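Engineer: Start from the sequences and build out the full structure, keeping to the hints where you can.
So you can see what is in the structure, the chains are spelled out below.
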Amino acid sequence: DGGITQSPKYLFRKEGQNVTLSCEQNLNHDAMYWYRQDPGQGLRLIYYSQIVNDFQKGDIAEGYSVSREKKESFPLTVTSAQKNPTAFYLCASSLYRGGEKLFFGSGTQLSVL
Amino acid sequence: GEDVEQSLFLSVREGDSSVINCTYTDSSSTYLYWYKQEPGAGLQLLTYIFSNMDMKQDQRLTVLLNKKDKHLSLRIADTQTGDSAIYFCAEVTGGSYIPTFGRGTSLIVHP
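So the sequence lines, in the order shown, correspond to chains A and B.
The first sequence begins at 127 in my numbering and counts up one residue at a time.
The second sequence begins at 30 in my numbering and counts up one residue at a time.
All the pointers check out, no bait thrown in.
Straight-line Cα separation of at most 27 Å, DSS-like style, residue types lysine-lysine; simulated pairs:
#1 B:K85 <-> B:K65
#2 B:K97 <-> B:K85
#3 A:K135 <-> B:K65
#4 A:K227 <-> A:K196
#5 B:K65 <-> B:K99
#6 B:K65 <-> A:K227
#7 B:K96 <-> B:K65
#8 A:K140 <-> A:K209
#9 A:K227 <-> B:K97
#10 B:K65 <-> A:K183
#11 B:K99 <-> B:K85
#12 A:K183 <-> A:K197
#13 B:K85 <-> A:K227
#14 B:K99 <-> A:K227
#15 A:K227 <-> B:K96
#16 A:K227 <-> A:K197
#17 A:K196 <-> A:K135
A short list of chain B residues far from chain A (calculated; beta carbon distances all over 10 Å):
#18 L39
#19 R42
#20 E43
#21 K85
#22 Q88
#23 T91
#24 N95
#25 K96
#26 S102
#27 A106
#28 P140
Please keep in mind that the hints were generated in silico from the structure rather than gathered at the bench.
Since we're looking at a predicted model, the values are computed, not measured.
C-beta atoms are modelled at their ideal positions from N, C-alpha and C, and glycine is treated no differently.
Structural biologist: Next up, the structure:
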């Protein structure tokens with residue numbers, strides 16, 4: 127079945143540690159996105175990528191980094207510079223740019239120990 | 030202010046109709062979407078409407094678009110307990126292909 131897979135479902139970070147959230151899609155979509163969701167605040171865009179080896183910052187990119195070495199993969203690293211990382215992280219993809227519908231993964235809940 | 034605004038909560042009785050409202054500010058919006066999020070899960074696309082349409086119906090769902098007032102609504106007929114979720118409105122404008130999401134409306138359906 128085609129879809130978008132995020133792992134792990136739950137992740138814990140110690141202070142000063144970098145952690146990486148995985149996002150893989152087998153939909154052959156060009157564009158991929160990372161959103162952060164906090165209760166009552168909706169979705170905020172962290173990074174997005176239109177093609178392999180290219181990505182742009184979203185509204186809240188500070189303290190995060192991404193890579194897009196393969197079309198199907200778009201991992202997100204939460205660095206120690208992100209002082210308030212506890213949130214629900216959602217990865218999404220779309221076929222092309224230009225108003226296309228987004229397909230979402232099931233999310234990763236990141237918490238700080 | 031926010032580009033896309035929604036009220037945070039809506040409570041309805043099972044079997045009644047639910048109407049979730051959304052307002053947006055960008056008159057160049059080309060696509061408007063409704064997504065549903067169940068607890069602990071990602072978002073799934075429910076329906077969408079092009080900006081040149083006024084209404085779209087899909088089974089129990091009816092989307093109404095008032096471009097003059099920049100107002101979008103989602104009506105769910107015969108609301109069931111399984112409809113309890115957070116509903117997000119999103120817009121895509123002509124200048125950017127990145128969707129802008131509202132904060133989401135939590136729909137609570139009680140017996």
